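Protein chains: 2
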Amino acid sequence: MSRLRVVLLAVLICPGGLAATEPLEQLRTAALQDDRAWELVASLTSEIGPRPAGSLNDRRAVAWAVDRMERLGFENVRAEPVVVPHWEAGTTSVEIVTPGPQELHATALGGSVGTTDAGIEAEVIEVADQAALEAADPATIEGKIVFVNHRMERRKDGSDYGNVVKARGSAAWVVAEKGGLAVVIRSVGTGPHRFPHTGGMRRREGQYPPIPAAALAVPDADILEYQLRGGSAVRLRLRMTSRRLPDAVSANVIGEIVGRERPDEVVLLAAHLDSWGLGTGAVDDGAGCAIVMAAAKLVAELPERPKRTLRVLLTANEEFGLTGARAYAEAYADSMEKHYLALESDFGAGRVWRFDRRFGATGEALAHRMLSALSELGVADGPNDATGGPDLSPLRTFLVPVVELQQDGTYYFDYHHTADDTLDKVDPEALRQNVAAFALVAFLAAEADETLRPIPAYPPRKR
Amino acid sequence: MSRLRVVLLAVLICPGGLAATEPLEQLRTAALQDDRAWELVASLTSEIGPRPAGSLNDRRAVAWAVDRMERLGFENVRAEPVVVPHWEAGTTSVEIVTPGPQELHATALGGSVGTTDAGIEAEVIEVADQAALEAADPATIEGKIVFVNHRMERRKDGSDYGNVVKARGSAAWVVAEKGGLAVVIRSVGTGPHRFPHTGGMRRREGQYPPIPAAALAVPDADILEYQLRGGSAVRLRLRMTSRRLPDAVSANVIGEIVGRERPDEVVLLAAHLDSWGLGTGAVDDGAGCAIVMAAAKLVAELPERPKRTLRVLLTANEEFGLTGARAYAEAYADSMEKHYLALESDFGAGRVWRFDRRFGATGEALAHRMLSALSELGVADGPNDATGGPDLSPLRTFLVPVVELQQDGTYYFDYHHTADDTLDKVDPEALRQNVAAFALVAFLAAEADETLRPIPAYPPRKR
Numbered sequence: 001m002s003r004l005r006v007v008l009l010a011v012l013i014c015p016g017g018l019a020a021t022e023p024l025e026q027l028r029t030a031a032l033q034d035d036r037a038w039e040l041v042a043s044l045t046s047e048i049g050p051r052p053a054g055s056l057n058d059r060r061a062v063a064w065a066v067d068r069m070e071r072l073g074f075e076n077v078r079a080e081p082v083v084v085p086h087w088e089a090g091t092t093s094v095e096i097v098t099p100g101p102q103e104l105h106a107t108a109l110g111g112s113v114g115t116t117d118a119g120i121e122a123e124v125i126e127v128a129d130q131a132a133l134e135a136a137d138p139a140t141i142e143g144k145i146v147f148v149n150h151r152m153e154r155r156k157d158g159s160d161y162g163n164v165v166k167a168r169g170s171a172a173w174v175v176a177e178k179g180g181l182a183v184v185i186r187s188v189g190t191g192p193h194r195f196p197h198t199g200g201m202r203r204r205e206g207q208y209p210p211i212p213a214a215a216l217a218v219p220d221a222d223i224l225e226y227q228l229r230g231g232s233a234v235r236l237r238l239r240m241t242s243r244r245l246p247d248a249v250s251a252n253v254i255g256e257i258v259g260r261e262r263p264d265e266v267v268l269l270a271a272h273l274d275s276w277g278l279g280t281g282a283v284d285d286g287a288g289c290a291i292v293m294a295a296a297k298l299v300a301e302l303p304e305r306p307k308r309t310l311r312v313l314l315t316a317n318e319e320f321g322l323t324g325a326r327a328y329a330e331a332y333a334d335s336m337e338k339h340y341l342a343l344e345s346d347f348g349a350g351r352v353w354r355f356d357r358r359f360g361a362t363g364e365a366l367a368h369r370m371l372s373a374l375s376e377l378g379v380a381d382g383p384n385d386a387t388g389g390p391d392l393s394p395l396r397t398f399l400v401p402v403v404e405l406q407q408d409g410t411y412y413f414d415y416h417h418t419a420d421d422t423l424d425k426v427d428p429e430a431l432r433q434n435v436a437a438f439a440l441v442a443f444l445a446a447e448a449d450e451t452l453r454p455i456p457a458y459p460p461r462k463r
Numbered sequence: 001m002s003r004l005r006v007v008l009l010a011v012l013i014c015p016g017g018l019a020a021t022e023p024l025e026q027l028r029t030a031a032l033q034d035d036r037a038w039e040l041v042a043s044l045t046s047e048i049g050p051r052p053a054g055s056l057n058d059r060r061a062v063a064w065a066v067d068r069m070e071r072l073g074f075e076n077v078r079a080e081p082v083v084v085p086h087w088e089a090g091t092t093s094v095e096i097v098t099p100g101p102q103e104l105h106a107t108a109l110g111g112s113v114g115t116t117d118a119g120i121e122a123e124v125i126e127v128a129d130q131a132a133l134e135a136a137d138p139a140t141i142e143g144k145i146v147f148v149n150h151r152m153e154r155r156k157d158g159s160d161y162g163n164v165v166k167a168r169g170s171a172a173w174v175v176a177e178k179g180g181l182a183v184v185i186r187s188v189g190t191g192p193h194r195f196p197h198t199g200g201m202r203r204r205e206g207q208y209p210p211i212p213a214a215a216l217a218v219p220d221a222d223i224l225e226y227q228l229r230g231g232s233a234v235r236l237r238l239r240m241t242s243r244r245l246p247d248a249v250s251a252n253v254i255g256e257i258v259g260r261e262r263p264d265e266v267v268l269l270a271a272h273l274d275s276w277g278l279g280t281g282a283v284d285d286g287a288g289c290a291i292v293m294a295a296a297k298l299v300a301e302l303p304e305r306p307k308r309t310l311r312v313l314l315t316a317n318e319e320f321g322l323t324g325a326r327a328y329a330e331a332y333a334d335s336m337e338k339h340y341l342a343l344e345s346d347f348g349a350g351r352v353w354r355f356d357r358r359f360g361a362t363g364e365a366l367a368h369r370m371l372s373a374l375s376e377l378g379v380a381d382g383p384n385d386a387t388g389g390p391d392l393s394p395l396r397t398f399l400v401p402v403v404e405l406q407q408d409g410t411y412y413f414d415y416h417h418t419a420d421d422t423l424d425k426v427d428p429e430a431l432r433q434n435v436a437a438f439a440l441v442a443f444l445a446a447e448a449d450e451t452l453r454p455i456p457a458y459p460p461r462k463r
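Here the protein sequences line up with chains A and B, keeping their order.
Sequence positions in the first sequence follow our numbering and run 1 to 463.
Sequence positions in the second sequence follow our numbering and run 1 to 463.
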């Protein structure tokens, strides 16, 4: 008999278990009929739209979130100021000058410097990927524009992102060190459509790479590749107006459903409020904001408050350096031991298909109750090695137990960080299933008597 | 027994039929293994790219086509100059000013005038479609920007295009007459991605509408609709740099496979060389150019030349007024009676699924041979009321017999007239099937002894 079946049987046999299923059933039923998450993501994307950190729209989004949390009846609603970097993508023009003049669709990578008005014109050298770039003889790079022609594979868990994103983060550093003038990468994404994907570059000692870096849409990378295969030298011209502006003030927006018995103990539900500037931030991460807000609201609507406090945290500037998440960890360092559990929604709105967590041995029974509650939503058991999402990474040093509700990410990287990340890419039914899963896990955590600590140690430098 | 089965049986029984199947079999086999059409469309889209009439790239495309036809061994290769209008799309900025400021993705409709640098700012009024616009009280339109919020349905035969495209063609005229300042339409297209679809507007006495007109990408039309549903007045600002430039010289590019017995009789294979400026013109109509060139080349490679001449015609400026097609009809008016048959490829590269034609009664046997040859490619019988494609429309007055190989257009309007019309949207296998179908029909027409005239009269104003 599987572990799951034992659990289900236990729930059926145990009268306490039976009683405990009532609010679960109520939550699940309500969530699967509830359109508030949809309304929230529709409003955020349609009324506010793109909201890159530090922009005017970022501030509009903070005001929106405070207003919505108050209207939903959250308690202790607050916007906690966070100083964020402010980078403007500006306009990006990449054109093939010879042999076949053509304008390519491109966008600046996050943090890129711009060019002069005249731009940079140089011969292109192609490298297969970041490893090939690192191995390349500097003599072949010097004075050139480097084209990193890697390809990302479509996977349900999105796990090829980690491989390909290295070049987005670091290629410009390597090219600069080898004397290259600029870098263009094939977009880190899986979509066949003509949308370049942006995303952050790595900083070193707080600085971004000193040369311009842009991503080409996949069909445009194909055009460049075609011309390179023709045998003649290919020359590109880049013109970019991207630039850093003075730091700006944004905010983490927080709202709570205060617990009835242990109000100082927190189940943290996180998502990020900011987005890149190209799309309207629907799958990344308007959906996440909507999921955690709607899930907490549904728990608040149960006949009885849960024992612990549910805290919804919409972070500032996840995209461009996790500023809000770091600020939260710092501001709440003293109460980290009171964080019973943290979970985050930042992988779109695909259906939740697997329940991962990182619990200590004494948390096993709670994991079983969670899995049992989730199984009706089609969620399977996963490993006990969850790391949380990006915004939970500053909580790792505090060894906060986490749940990761793994979403189906098959199409996530078609839209993520592109202009095509818009409301219509969110499936209302999958969104409701997400809300249900988050509500169930949040409720069970807020009610549980088990101790989840100490959690298994994190491996060094995972993610 | 179906008509098709009778035909197949006749082919099997009749020894002449058997002999005649040899070149057909050779053509079909060769076409389904041939990648020259792919190489042609890859080269045209990757080396030349967008080629709107009158542009520098239009001239580059003409030179490309002449060069390719010569390299393929076509005879009488020539570029016949055509004076074309030259309209530049420029940049289009459409933003919601209030209540929720947001930049929308938009593009100028073909022929639109631009705005001043300050642009046009006004309240938006929504109408459901062209009929509603025509019925609207001018008092509701005056001083406003009109949003035509029609929707196009996805159909295999693309037939909803004809319904929705009316507004693209004529809304700006109606809005101008009712005192409106500008018009934005929901894109005439079926794709859910964030690409506005352009396309020509109707001229009246050679003039385009006097007010600016733009199309919003579908997700952006959704955003505008959302804000309009909110109850507050919505104000838009349009800034467009679109403009007419002096007429320019382009060319119809023609190449022939001269017939062995009746070289003055012509089977015309047409497609258009120009494209809109947003995409690289892969499905519209690079694929068509490649299909007709490759099909004629395959016929030329048979052991024996066909009796009649195959003439490949790549027209100038289909998109912005059928200039090349009209010029061809005028230049060749005297030899129109020698046009035995005309066919055109201008609906992408989806598989051919139906054989339509417009033949006189004496052409029935040829229609049967064509259908028989096509049936192995999965092509079904269609009606005898074909009209030919847009570039064949000037030939209608000459009552030239036509074949229309109907392609599967289910996804055609996802890409058509958008930036996303790129090479990767062409399926190499479907492209080969098209080449096979065109080669078979062209060969059978070039060999046939039947008379196809007089064809059934065209209904008044069909299409």
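Please keep in mind that the hints were generated in silico from the structure rather than gathered at the bench.
There's no promise every hint is true.
A pair counts as met if it fits within one copy or between any two copies, since identical chains are not told apart.
[Unchecked claim] Dumping the calculated SDA-like pairs for lysine to any residue here, alpha-carbon to alpha-carbon at most 25 Å: (1) K156 - G191; (2) K166 - A128; (3) K156 - D449; (4) K178 - T140; (5) K156 - P192; (6) K178 - R155; (7) K156 - D424.
This one's a predicted model, so the numbers in the text were calculated from it and none came from an experiment.
Status of each hint after checking the structure:
For a Cα distance limit of 25 Å, the shortest separation of K156 from G191 qualifies both inside one copy, at 14 Å, and across copies, at 24 Å. Within a single copy, K166 and A128 get their C-alpha atoms as close as 13 Å, which meets the 25 Å cut-off; across copies the closest is 48 Å, which misses it. For a Cα distance limit of 25 Å, the shortest separation of K156 from D449 qualifies neither inside one copy, at 34 Å, nor across copies, at 59 Å. Only within a single protomer do K178 and T140 lie at most 25 Å apart by alpha-carbon distance; the minimum there is 9 Å, versus 63 Å between protomers.
Taking CA atoms no more than 25 Å apart as the test, K156 paired with P192 passes in both settings, with 17 Å inside one copy and 22 Å between copies. For the homomeric pair K178 and R155, neither the shortest alpha-carbon distance inside one copy (33 Å) nor that between copies (53 Å) is at most 25 Å. Taking the shortest alpha-carbon separations for K156 and D424, both the intra-copy value of 20 Å and the inter-copy value of 23 Å come in at or below 25 Å.
Figure legend: structure checked against the earlier numbered hints; hints not met, in rising order: 3, 6.
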